[in-house]
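A.B. asks: What follows is the residue order along each chain.
4 protein chains.
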Amino acid sequence: TCPGVDRVVPILAPYKIASRQTHPEPSVIDLGGRMKVKVGGKKVCMMAGPCSVENRPMLMEVAHAVKEAGATCLRGGAFKPRTNPYEFQGLGEQALEMLAEAGEATGLPVVTEVMSIDQVPVVAKYADVLQIGTRNMHNFNLLMAVGKAAKPVLLKRGWSATLNEFLLAAEYIIQSGNPNVILCERGIRTHEDHVRNTLPLATVPAVKRESHLPIIVDPAHGTGHAYMVPSMCRAAVAAGADGLMVEVHNDPPHAMTDGAQSLTLDGFAQMMNELRAVAAAVGREM
Amino acid sequence: TCPGVDRVVPILAPYKIASRQTHPEPSVIDLGGRMKVKVGGKKVCMMAGPCSVENRPMLMEVAHAVKEAGATCLRGGAFKPRTNPYEFQGLGEQALEMLAEAGEATGLPVVTEVMSIDQVPVVAKYADVLQIGTRNMHNFNLLMAVGKAAKPVLLKRGWSATLNEFLLAAEYIIQSGNPNVILCERGIRTHEDHVRNTLPLATVPAVKRESHLPIIVDPAHGTGHAYMVPSMCRAAVAAGADGLMVEVHNDPPHAMTDGAQSLTLDGFAQMMNELRAVAAAVGREM
Amino acid sequence: TCPGVDRVVPILAPYKIASRQTHPEPSVIDLGGRMKVKVGGKKVCMMAGPCSVENRPMLMEVAHAVKEAGATCLRGGAFKPRTNPYEFQGLGEQALEMLAEAGEATGLPVVTEVMSIDQVPVVAKYADVLQIGTRNMHNFNLLMAVGKAAKPVLLKRGWSATLNEFLLAAEYIIQSGNPNVILCERGIRTHEDHVRNTLPLATVPAVKRESHLPIIVDPAHGTGHAYMVPSMCRAAVAAGADGLMVEVHNDPPHAMTDGAQSLTLDGFAQMMNELRAVAAAVGREM
Amino acid sequence: TCPGVDRVVPILAPYKIASRQTHPEPSVIDLGGRMKVKVGGKKVCMMAGPCSVENRPMLMEVAHAVKEAGATCLRGGAFKPRTNPYEFQGLGEQALEMLAEAGEATGLPVVTEVMSIDQVPVVAKYADVLQIGTRNMHNFNLLMAVGKAAKPVLLKRGWSATLNEFLLAAEYIIQSGNPNVILCERGIRTHEDHVRNTLPLATVPAVKRESHLPIIVDPAHGTGHAYMVPSMCRAAVAAGADGLMVEVHNDPPHAMTDGAQSLTLDGFAQMMNELRAVAAAVGREM
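Protein chains in written order, with our numbering: chain A, 1 to 286; chain B, 1 to 286; chain C, 1 to 286; chain D, 1 to 286.
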């Protein structure tokens, strides 16, 4: 009489070391750096910064502003996976240097995307957290490569990945030697045409039940519209997410990438105030 | 440089009287009954009750329990749309009588589904709110029929409806004469297989921007799993929803329908306590 | 070692009288009329005509042209389900009269949509086949109403219906007393944005395996683009479909509805020639 | 009055060298090898073989059998992308050697998947065609790497890729220096649960209109069920596909991977006979 219930906890989940059955306590991932930021504990981690590192001044301005407003991790794209080969592909190692400098100046650990195996060393040299993007969640060779790196990994869910596939991608990383995996729900492809992606926040309780790994939410990519981001950030925190990732820009209308979903500096600061109240209401801190 | 932004506010939205452009103030819908329950104001409306009305004692027990815990509206199925013609189809008018009695006893307004034009008079006789289910969101003749009824309408989003189609379905009701429409996001069909439906909470800010109509969320159908319901209720309130609809049963494992997604009486009461804190954090009441 | 195989033939399919297990021989449905057109036999049925009946002259012109080119059934909309309440809703009974006249003049049986229970008698009076549209596949009360009518029913798949739900909708009709059900695959809602719907032709072999009912394909709604229709018609016949439904207009750019997916008269005649060769290659006739 | 038509041919398609606008004639790709097999011409290419190369005898048996039945290219997995890290990952270079031997023995060119940049040289050493799998369609660095290889590339569509993204992935390969790209539709992720993927054959006419590149169809992955494969192969040929890719095994129930969707040797030979008739009906050869 309870259809569906037995689909939630499989007798033999194919994921093993990522499973809550083998590791009942939630994992807390240390992002390193001066501030000892952790993901998976009481404090909700806020990862903020520009979609792309466009130049040194804009990055420094955004980094200081988000730090000031309460962010605990700096995000920024150096290697950009772009659907269109003729569009801006990121500044590469130059951007990594700027990110490291901004991280140093603000004390924020830095998260940035690594797109291929040969980029792992250089990204790991400058960044504190290696991000695997949506397009690479099923790139098993890359998963195994970051599984051998010494830095934590932020693993974004694939556009059409099932929960099972998402957790098995984490398993690939962990079984390669790296237990420090943070999951990130960033929206899936559906028929909805008023959003860039559909953001399924039920992934949060599902991951909490199935796995010990922390789960964060990216409402910028998850919706594609800046005006929806504060509402979905509040929802994610209320749902129990361990962190958030958002895009912040000092001049969104002129952003080189993802301007439509980027918050302004003021918008971010205002949102952080709202989020503190929601976090407190569910026994968390921000 | 801002892709997608102009998709959000169309120059000429096809929906007119449902649009915020023609009615900038949010609508507040009066559900009627002794308690003067309203949807769309500061207070978040909680609609709770069994999936199906199974018999008089269980309905009365659940109705009193949810009222006690803070529900402001009683839900319960009398005419049940069932995929399988051989399954329980609801008790019909008998259930409507029980619902009216339970509404009278608790003071809660009653919401229940109407499946066809010929059922409108009898449902409107006993219930305070007429529910149009997911399967009938595109049933335009039924929309026009409830548009001529004197009771408010709760309109559930279709499984694969776009936002535009959802608001145009509301437009059908309003232009038939009934301005009292409450929208309900209840999940969409996607590739996800760990949930019954995918619950896109970004519908809440989208509707708030596009329309003056109140929007509530149904996390029971939106996930299919009782363990996800409290998390998604908190998220919906934090996102700005004007109300919630959940299924509560005194004995979920033996429920005739939807047991897997029904809360127990205690589970509901505990969830209400959590929701009050979240509502307060976003300037609402519960 | 064969994942998925046991999902194909459930031990106890919830559909009974629609199932091949209880009725191993394929059903052949007689559409009635002078021409004794049948669906489900060796001859592939071609249902063609305008999306909407716009006026008498255009209907007669199209009806004679499609008859001439080899169509075996005339389609045309009298009651039109429109997403937008402010758009053309069809000419109603006036259109039904014209359809009956065109059917009489050409000898073609007529199929047209019925949108609500109260329309069943008038549609059954004029038409040979009652069409249930995509939006009403889950409208169980309407299914039961056409299940009591004396005319065959063309049941279109819902936008997000599973195969199981599709066959159970047929079951509703059959168990209400009407065994003459023709299924129609017309495309589903997905993330694809270069088509109006995604047309899953694998529904044809799946239905053939699961059920004895004939299955036809509607590539006009299934793609939304006239240029794709001939290709998808050929594919459907090669896949084993028992029939096709297409939209044909004497002046597609000025059609009141669905012009983009309507074939011209010449385009239809040319396509019929191609289809005859494909039908012969798979042992069918056209 | 023609909604959707202008979506089909964008004024400025973001894909350039993959576009039909810059290259009106269809491309014909030479697969090399003794048999001078071409994809994109009058003859429909049939790529057949086991999902995984399991051992030398089974590969040789299957290779000779498919050659005998009319296949024009041998497929077989050496590096297998597996969702579950604990499942069989392929025999690697050992399998490549066997494939080369089987190709030599039968005269069939060999296509096999390359999963990472570092595998490109070894795969290009043994194989005639480099396959990019579904999971790597968005792996831009890998696309650029095969774009520098001297062998043709078979590019499978991503599970949730749009047509635009699919053609831009081809653009990445071509603009890196390799014009020999064959596209492959292999099904998308949708809500359908009676198939492993939903196979949208309308991709065939869409690609033909938008691009000069040849397009083939993989109904094995596109449906997940062997019983659907012949029907969907016939449909793909009738729709105008330039080739097919199927899985054939000498003992499907004991296949190490994808047994449920693999044809038997006899099943394949029988299907080839049917396909010849369909190909002839649409002016092609098999």
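Hints are computed from structural coordinates only; laboratory data are not their basis. A virtual CB, placed ideally from N, CA and C, is assigned to each residue, including glycine. Treat the hints with caution; some may be incorrect.
Cβ-to-Cβ under 10 Å is the rule here; a few derived chain B residues that face chain A [what the hints assert, rightly or not]:
#, residue
1, Val28
2, Gly41
3, Lys43
4, Ala69
5, Gly70
6, Asn164
7, His194
8, Val195
9, Val204
10, Met228
11, Pro230
12, Ser231
13, Leu265
Have a look at the derived ranges for each label pair, beta carbon to beta carbon [as the list claims (entries may be wrong)]:
#, chain 1, residue 1, chain 2, residue 2, range
14, C, Ala150, B, Lys148, 51 to 57 Å
15, D, Gly70, C, Glu101, 24 to 30 Å
16, D, Ile17, A, Gln94, 53 to 59 Å
17, B, Lys148, A, His254, 48 to 54 Å
18, B, Pro253, D, Asp266, 34 to 40 Å
19, B, Pro253, A, Pro253, 22 to 28 Å
20, C, Pro26, B, Tyr86, 21 to 27 Å
21, A, Asp193, B, Tyr86, 33 to 39 Å
Interface residues of chain A toward chain B, partial, derived using beta-carbon atoms under 10 Å [stated by the list, open to error]:
#, residue
22, Pro14
23, Lys16
24, Ile17
25, Met58
26, Met60
27, His194
28, Leu199
29, Leu201
30, His212
31, Ala238
32, Val282
A.B. asks: Taking each numbered hint in turn, which are not upheld by the structure, reported in ascending numerical order?
C.D. replies: Numbers 1, 2, 3, 4, 5, 13, 14, 15, 16, 18, 19, 22, 23, 24, 25, 26 and 30, in rising order.
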